[in-house]
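So the sequences go chain by chain: Y and P.
In this text, residue positions in the first sequence follow my numbering: the first is 74, and each later residue adds one.
In this text, residue positions in the second sequence follow my numbering: the first is 33, and each later residue adds one.
By construction, these hints were calculated from the structure, which means they are not laboratory data.
Certain hints may be false.
To be verified - Estimated spans, in silico, between C-beta atoms of each pair:
1. Thr115/Y - Phe103/P: 32 to 42 Å
2. Leu77/Y - Ser48/P: 37 to 47 Å
3. Pro340/Y - Val180/P: 31 to 41 Å
4. Pro340/Y - Asn67/P: 32 to 42 Å
5. Gly204/Y - Leu174/P: 50 to 60 Å
6. Arg457/Y - Gly39/P: 24 to 34 Å
Every residue, glycine too, gets a C-beta built ideally from N, C-alpha and C.
Chain residues, written in single-letter form:
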Amino acid sequence: MIGLMVKISAAWLFSILAGLPLFASMGLAALAFLWMGGMPITVLPQKMAGSMNSFPIVAAPLFILMGNILGAARITDRIVAFATAVIGWVRGGYAHASILTSMIFAGMVGSAVADAAGSGAIEIRAMKNAGYKPETAAAITAAAATIGPIIPPSLPMVIYGVTADVSIGKLFMAGVVPGVLMGIVLMLMVAVIATREGMGRKPFAGFKAVGRTFLDGFFALMTPVVILGGMFSGFFTPTEAAAVACLYALLLGFVVYRTLHLRQLGPILVETAETTGLVVVLVMAASALGWCMSISRLPQTLTPLIVATIKSPAMFMLMANGLMLVVGCFMEALAAMLILIPILVPAAVQYGIDPVQFGVVMVLNLILGTIHPPIGVVLFVVTRIAEVSFETMSRAILPWLVPLLVVLLAISLWPPLTLWLPQMMSGS
Amino acid sequence: MLRVWSGRLLNLVAASLVVALLGVVSAGIVFRAANHPLSWTDEASGYFMVWLACAGWMIATRRQSHIRIRFFLDRFPHCAHLWTEVAIQLGLALFGAVIAWYSVHLVRTNADIEAMALPVSVAWMYAPLVPAGLLTAVQAVLRCWQLVGKGPSLGGGAA
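Pulled out of the complex, with its shape left as it was, chain P reads as follows (with noise of 0.2 Å):
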């Protein structure tokens, strides 16, 4: 249940997101061409890309769906296969955990400095990145557990 309610809230901000960026893109040509250039579109567009990037990096992750090669993998020997998966995931846990680790330091460090244009820190810049290392990171941590038969299935595409 849990699990379908964040997922359904990660498809909304995501798309929220979608909508705002086309929203500020397009109202820095409107106003642009109205003789009235707003100062804060290109940077307010760039924060925006940052959390969009950051919420189809979850989504990706959470349909296990990121781009890998997997010509060789697939022809490993079953345990062989097995063990470079259970390698692959560590990898991404890891991977994971430090990015929303540092982000955090990243997020605490900046707090106190403003944006150029924009009346926001330049903290929410680094913001997005510490749910996407952890949703990384706990979920390829359960995907190991699953993989050495013990954990429940996560549904999603072929990792």
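For reference, chain Y alone in the conformation it holds in the complex (with noise of 0.2 Å):
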């Protein structure tokens, strides 16, 4: 069965770098694994419905819906607003509020792709107009979209969570630390060079404006409240929290901002059930998969195979990372997370390493392969923004990536980064 499973998976992978949709090529996979195994092939429906049969996995749509309505919303113009007003008046000043902004954008979307796309296009206007090169401000933005998935909610970490069988909760909690210290790290790395790139700094507005501009998005800014105090306190599951967030966010619009109108309402149900289809499709067929391969026991075998060859933890985690990044370059984040969860998490945890310090190792080491070239699905959005060529974009994000690195390397080395709040909070 192993023999097979590893001549299956060779196919398999070079069915995905020829081009084949990701969820085929694993569903195709599980069913040539299935047919030459002499097993029944209604395991592979019977495991695809399956996985979605659960309700940690109904978090995914309504974290997705949340964010395609405070999108069309226009929420964020109010979090610039306010975030400019704090932080605007320092040397460097939009380049910092641009990271504030992400940081609070991130406790309401899990993505970063959401969050370049929400407020990218207000963050590079407002950089281009103080005189910040395009590229600059381009990285900027791309660089502080990445804290998206780390602070929660986080649409990976759901997707990890359930394909791990790891709390969700506890993953949230963990991103929560490493998300504002990648946050505070761009804001350093801001201030080095601020002054050598010439950005500017404008009067401070007054605690008067601060006070305004908070009043005028208070209800926006609540959003992380209503989602994490919900959830942290204990009164609400992460699916749960996730659909008291969409319907806040409806309120928002509807009610207290009047942003939003009816016709816009078919549009967003409809692109977030394909948003739902593209990721939870990729879920489905990689349940079938990750139950074939337990069937044959590979991951069983490569275990002890990584863990006699690598000695301690903390080379494995170097060697996890490297692997995660090159894979990130090339490989949509979500995709290469299920490929990688059945591999490297039974490795990780017979090392000790807890897995939910590895999920948001694995979310930022993968996250960071949406602002890397080939692939960087968010250089791809900010570059259009910006109007930069990607060429000019793939350098400029180039120093942005260290501080981001930094960050990583901190994480997995050092698990109370990760672990001191889930364990503060569960009281273990």
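Bring the two chains, given one by one in their own frames, into a single complex with the hints.
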């Protein structure tokens, strides 16, 4: 069975690189294993449907819906105004404000692309108007957007939690400190380059302006409080928090700010369904393939081999980081996660690494791929907004990867950065 | 015309499923807060999730927006690109046909089994895989036909 699975896995990877849609490549690999192994083919649709019949995965479409509602309701304008009033007066203030906006927005949407597309246009325009180079403005926005899936809620963490059977609530809590750290190191980087790049400063608008923008955006700024407060207080599960956040977003759009119209609702719902389909069909196919892998005992055979080859947990973490960074450069983050989880998570557990910590490390690794050439989705988004060439952007983003890699290294090698908050909240 | 109307119907079903999913999860929270917890909301949300996943899969298939790596394929010479794409579509057709065929079998087998908390058959969980598989297969065959130069354009995004 192991030999068969190894051959099928090789053909499967080849088919992915040849351009077969990822869900079909995983499904066909599972089909080949079942057929050649003489097992009933009905297992394939059974496992696919079974993987969706679970309450935690329901959080995925609901968080996607919330992001779409907030985007359509143009909530970001208010958050950008508040962030600019708070920190826009220091040197490189617009860059700092862009990072702060991403940190706040990260508490509302769970995807880097949604973050970059949602607030990117306003941030990049403001920075360009203030005399920043377009590629620098776009690079700062792209780097800050990676905070989106780290600070909860986070779509990749929902998918990791469901696939690796890890508490989504604990994953969400574990993302808070690394997300804040990412914001801090990016702001430090801005402070370092602000003088060299000639980034200006504008006079402090006064506490009145800060108060006014805070009141103007108060209900929008309360969104993360509603989501995280409800979840961390134990009142909601992550799935229920997603539903409450959707209702809250609808309330903001239709009643509080009145920026949402009924005619926008249809496209929002259809877009939510399509994005859900794109994401969860991968989970469905990966679930069938994962079952085939465990039947073949491939992970059970690979794990002792990895453990025998790599001696220390720290070395394993570094090797896993290298692998995930390379894979993340060439593959969509969620798909890469579904492929790597059955191989790396059992090995990480064997080394005594907490799967919650490993989940945050994996998400950050793969999200870095979205701002890295050649398949950086976030990079494509900001390139279009800033109207610069992809080649220019590919060079401009490189220095901004350094502080993020430092955070990655820190959370990989020092578990308390990720595990302290979930352990404290659960009292263990 | 058929394509346009079937697309609208699919969009309507998908949008309704999103609303239903949100409604069921919200109802679970409200009734629990009111000290009257509902026993069926978790199971119902699971069923709606399977249906929504398949509806989204179908929309993404129609719009040809499924995630795939085109990095190497786009660098192939024209002829190799064409025949690789044909092979990819044949793979998709096979996958879709297998899913549809064996899901029909699952629906038949489970037709008499009732769900735990809902008064419905477990077959409803497998039922949406039939149209999703069929659409994947049909769309892939039509795309093959189009690629070899005889079929009509299917619209949608880049395949």
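Hints versus structure:
1. Distance hint for Thr115/Y and Phe103/P: a CB-CB separation of about 35 Å, consistent with the stated range 32 to 42 Å.
2. One distance hint, 37 to 47 Å for the beta-carbon pair Leu77/Y and Ser48/P, holds here, with the actual separation near 43 Å.
3. Separated by about 35 Å at the C-beta atoms, Pro340/Y and Val180/P satisfy the suggested range of 31 to 41 Å.
4. For Pro340/Y and Asn67/P, the Cβ-Cβ distance of about 38 Å falls inside the hinted range of 32 to 42 Å, so the restraint holds.
5. For the hinted restraint 50 to 60 Å between Gly204/Y and Leu174/P, the CB-CB distance of approximately 53 Å keeps it satisfied.
6. For the hinted restraint 24 to 34 Å between Arg457/Y and Gly39/P, the CB-CB distance of approximately 27 Å keeps it satisfied.
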